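Q: Take a look at the letters that make up each chain.
2 protein chains.
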Amino acid sequence: MTESDPDPRILDLFFSPRRVALIGLSRAAVGAPVSILTTLKEFGYQGRITVINPNIAPSEEYEAYASLDEVPEAVDLAVISVPREGVLDVLKDCARNAIRAVIVVTQGFADADDTGKKLQEDMLAFARENGIRILGPNTIGVANAFSSFTSSFIETHNETFPVGLVSQSGLFMMGHNIVNNEPAGFCMAVDLGNASDIGLDEVLAYYEGVDGVRVIQCHLEGIERGAAFVETAARVSRTKPIVLLKAGRTEAGQAAVASHSGAVAGENEVYRAAFRKAGIVTADNAEQLRVLSKAFATYAAPKGRRVAVMSFSGGGAILAIDAIEAAALTLASLSEATKAELRDLFPSWIAVDNPLDVWIPIARDLHSAFPRILEATLRDEGVDAVICIYCSYTLPKYEAYDSSVHIRDIARAYPGKPVLCWTYGMDIAGFTRKVEQDGAAMVFPSLDDAAGTLAKLAAYGEFRERSSAPAAIPEANLGASTVASILGRARNGGASYLFTEGLEILEAYGMNVAAWSVASSELELISEAAGLTYPLCLKAVSQDIVHKSDSGGIALGIIDQEELVLAYRRLLAEVRERAPQARVSAVLVQEMAPKGKELMIGAKRDPSFGPCLIVGAGGIYTEILGDYAFRLAPVTEAEARDMIAELAFSKILAGARGEPACHQRSIVEALLKVSQLICDHPEIREIDLNPLIANECGAVIVDSRIIL
Amino acid sequence: MTESDPDPRILDLFFSPRRVALIGLSRAAVGAPVSILTTLKEFGYQGRITVINPNIAPSEEYEAYASLDEVPEAVDLAVISVPREGVLDVLKDCARNAIRAVIVVTQGFADADDTGKKLQEDMLAFARENGIRILGPNTIGVANAFSSFTSSFIETHNETFPVGLVSQSGLFMMGHNIVNNEPAGFCMAVDLGNASDIGLDEVLAYYEGVDGVRVIQCHLEGIERGAAFVETAARVSRTKPIVLLKAGRTEAGQAAVASHSGAVAGENEVYRAAFRKAGIVTADNAEQLRVLSKAFATYAAPKGRRVAVMSFSGGGAILAIDAIEAAALTLASLSEATKAELRDLFPSWIAVDNPLDVWIPIARDLHSAFPRILEATLRDEGVDAVICIYCSYTLPKYEAYDSSVHIRDIARAYPGKPVLCWTYGMDIAGFTRKVEQDGAAMVFPSLDDAAGTLAKLAAYGEFRERSSAPAAIPEANLGASTVASILGRARNGGASYLFTEGLEILEAYGMNVAAWSVASSELELISEAAGLTYPLCLKAVSQDIVHKSDSGGIALGIIDQEELVLAYRRLLAEVRERAPQARVSAVLVQEMAPKGKELMIGAKRDPSFGPCLIVGAGGIYTEILGDYAFRLAPVTEAEARDMIAELAFSKILAGARGEPACHQRSIVEALLKVSQLICDHPEIREIDLNPLIANECGAVIVDSRIIL
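Chains as they are written, first to last, in the numbering used here: chain H, 357 to 1064; chain Z, 357 to 1064.
Same shape as in the complex, but just chain H (with noise of 0.2 angstroms):
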């Protein structure tokens, strides 16, 4: 939404219009196949079309004037697609016909050269002088089966199917209609084009409000207001699925989004964690947006993972175990009393059990067998979902062979447990519609598109039953005031990079930092030290050396006290040496961290989406296998969990080979207090734990790093 904050209803004006106003039509237009007016026509739209051109006479289908200023009654939209040039002028004929809502159809703006990103500006300068919301440019609209109106030129669908499809390319409005998938298409579309006024998260609000939504189809290339982005989509997802395709996944397609639609495509990590935090359900490519976004429409999401398997042909089940355990669901376990009650269905030889292997008792009865072992299978208790495999036998000639009707009656009787189904065959279309016809079960086009859309059902489930709300921390909460203060401190003092006051900031936070003091002489040190426990290290205070390492401003493994003395003496010469301008306000004295193993825990804030999470394993390994786990902050504990858990190392954290599992606990805490740290306090930009040590005591950290 824009800094004024406009009533949301403003999209009733683009989405169901009184009046429209068509300018920039050519005479060529008319009449044509590709054309606004053919596919308002073929919509049935029954509102007022007022196109205007002098050289075009009205018909009975529309009105026509020369100019807006002719038209006698007050328009509710405008769709405009004159060149580049002329779209400031018409946005001033619309202005002062009072119209508030314009779609810019134009392309050759901010997506295309400068001199297109210069007239961009100054179009959108002047709607929001002038009170006008601008979808586009760069977009064919909209399209709304409700009030059976479209500003595409290109023919789409008119069908209540409850999606609502929001996108940054015209070519989802297009839809995607494969028989043997039908129907999949959307009740209401909108292309944002280049989404220079109208954005994502003002239609999410929008569709979140629109009873015939269910689900939200989206393609997104890149948002510029990430945060207000993830605050209505994790909104609208607990009470509408937002099922979402990102485009520009890769470098080269990043590159691309920037010349397509002149978004700024952010880094991929951060949308990701963005998705994650809003619920979001991501598709990798069209093909899956597809799917998923029938299937949330089709299913409820099962209450677990647990799948039973019914399947014609003993090596369609052996590909859906594969499937199943790919999508990281399992196979369930059926009860003896499922066992018992279909015994008599299957000869003594075969075995019953997920998966059912169905040919025989089919082969012998299908209308007898079939449905009593399906119900059978959905009534068991340890059965969240059933995969169905079956052969399309739906041709007049294989009645008795004819499975559809019983898959679509139970599928519906048991609404909390999806039934999958795939099938192979001579009528795959022909099976697929009859299954499909109310709505209640699904034909998939490959068993790992049926797992994996069963496990982005659950996990969705997950999500809603999941409280939002973060952990509280009560030490933290403690903490807070003192931090502001030392920040404070830090900020007058000018300071940009905190070393010892980071420490305390931590501490403050109720972390636990390896035990360290600071001395500005040698026998400050000594008296330090005394209530330290050796070995000890050494690190030069001072603003003017990052690194200290290079400048020899760090002494470690120091034994006792005569060691450390010489330590000292030594640090402060190889400064003096090394880096002549630093100035050492004074020295750092720590104990060496038990032995354990190294992670790292950071922080940052992102200018799109804000503070943001990241754990990994400390050492090469981290950067160089990309070992490490990313969300936005503030994580729950549930989410500093899963972080741990995702990590390759988590392995052995856990003790591998036989050695003792880390204190998980104080990882966990770890993370959620530098997690509340950044949220509590906009000035610190980003936070560097690395590394913490964690053994099977606890976690350390040994040192830190703090950028305002």
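None of these hints come from the bench; they were simulated from the model. Predicted, not measured: the structure shown is a model, and the values here were computed from it. Hints may contain errors.
One copy or any two copies: either way a pair holds, since identical chains are not told apart in the list.
[Claimed, not checked] The calculated DSS-like cross-link candidates involving lysine-lysine, where the alpha carbons are at most 27 angstroms apart (straight line), are:
{"#": "1", "residue 1": "473", "residue 2": "695"}
{"#": "2", "residue 1": "448", "residue 2": "953"}
{"#": "3", "residue 1": "474", "residue 2": "960"}
{"#": "4", "residue 1": "1007", "residue 2": "953"}
The hints should help you fit chain Z onto chain H, whose structure is shown.
A: This is chain Z only, laid out in the frame that chain H set:
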């Protein structure tokens, strides 16, 4: 093939019998929709059909006899579907009547219980004794469009699409014919069922000789004769691509395979290595198997991986770039000449470059602009393939926007450069049919499918270009006889585990082992150590000690002679105390390894596939993070390089964080030599070089283990 290596043309009897006898058919099968009599009729089989059942009367379509003995003429093939207990008796009838080819449809053999397993063994033994070949049991048999014969009771396609199918499940014989991807069938098909006799390698060799089969599609659950399969497949796939789906790719799936087809599913890692060795194109699921089979029948392998994108939608182009990057293809750079040639078609503010966003040129005049752009792109020498995204405007009213004829014609004119299509919109099925009509181009379900398929086409092209001969290693050949005599000595000594002999063997193959010697007394030790450079280490030489460090049989980092003597005495004392029963014959004195990166190289002998080679990062991460590469031996130099490149650790070997790169040539040589060593000497069961220390100068073996 069986040990007797029979005439591969025996399969002609299965695929093209002049007379087939059906044994076990019930009267209910007559006229039923799911019946071999019905499918044979619909296939238009022209041979003679003989039903063996006293209760079935002959008809116009088939003869009928009470028993096989009554059939007046020779029967080429018997199709048996009597209950499992009766199969052996029918086989006896077949033997009496000189029937050499038998399909056993009946289930319940090794796929079921112990009784079934025994029945299968008895049946097979009888068949072998009597010169009968068996397909199955637990199979629906064969289909062959060239002879219009099928043994399947399930309706299958009868079309000459140039794919030969071999499957371990009847599922795949049903075919999968969705409208947007028609036809996706096969001209010949075999369901191997339990594969008790006729196996995969035999069918591959048969298809190799069938002109009508250009691509072999394979569904596999398990192979017992792995080495024979690899040999045959590697030969066949040089002329005919083999596209393969391995079921049981997960642990639960593997377990299910055993009960489905009675096949032993080996480790998937070995399978993957075998498929790679044989140049097999692997699919992840049934849908991908179908798409890939069709693609290999449609396209030749491209010369490289440089892809141009031509899209009517900018948003679609970005999705294509993502798919191209994800598939490890590259975005082609268009030549200046190509860009200049197309410049006038585009408005000035659109950069003419890859991806080509063609909406404006085609909206102006599709039939002039579209072919010009596609041809110019294909003519560009920097382009190996084109991904073409176009709206499915094939309905009659869209005649002015229908690009399908251009795609079809131009794809046919540039057979070396695949044109892969993706579409969106109202008539996907129609667009697909029109584009695919001449078999020169395809429309893919998703851009990821298109790019993924192209990557596999390119990889297959590279496989065909590659020499299959392993690199010759002169030193190794020289060393083979030395090694044979060392092995002979060890065998005579009853050793199953080689230590110092292992080092000798490695050196005989020209491998670089850290300098070492053996001493059996203190004096000898001092004199041997004089020829080595400190620091040194000591290891107890004893057939009774496997884990040296547990028994105190090892001493590291010895810096001078004084320490050497002390270490020697301490070592002997420690072993005496900790492993009093161990007989220490001598000590190994060895130079400590230089600083470097730790690797492990291993080789083992798989019972089905033979010698395998592995390389991994040393240390805890190899095992826990699974950072290793695995191949069947022998490997070529290129394969050895690939193995190293496959490791995440290769980034560290290449010199991360400013460190010098390790000497890769030395690591490659060590791999090649271990590969040759295990291939040359079948007595060796396992070789383990751990660690091999690599640095910028070379690679040194520190420790090794050879198991016989």
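Q: Could you check the structure against the hints above and give me the numbers of any it violates, in ascending order?
A: The structure breaks hints 2 and 3; every other hint is satisfied.
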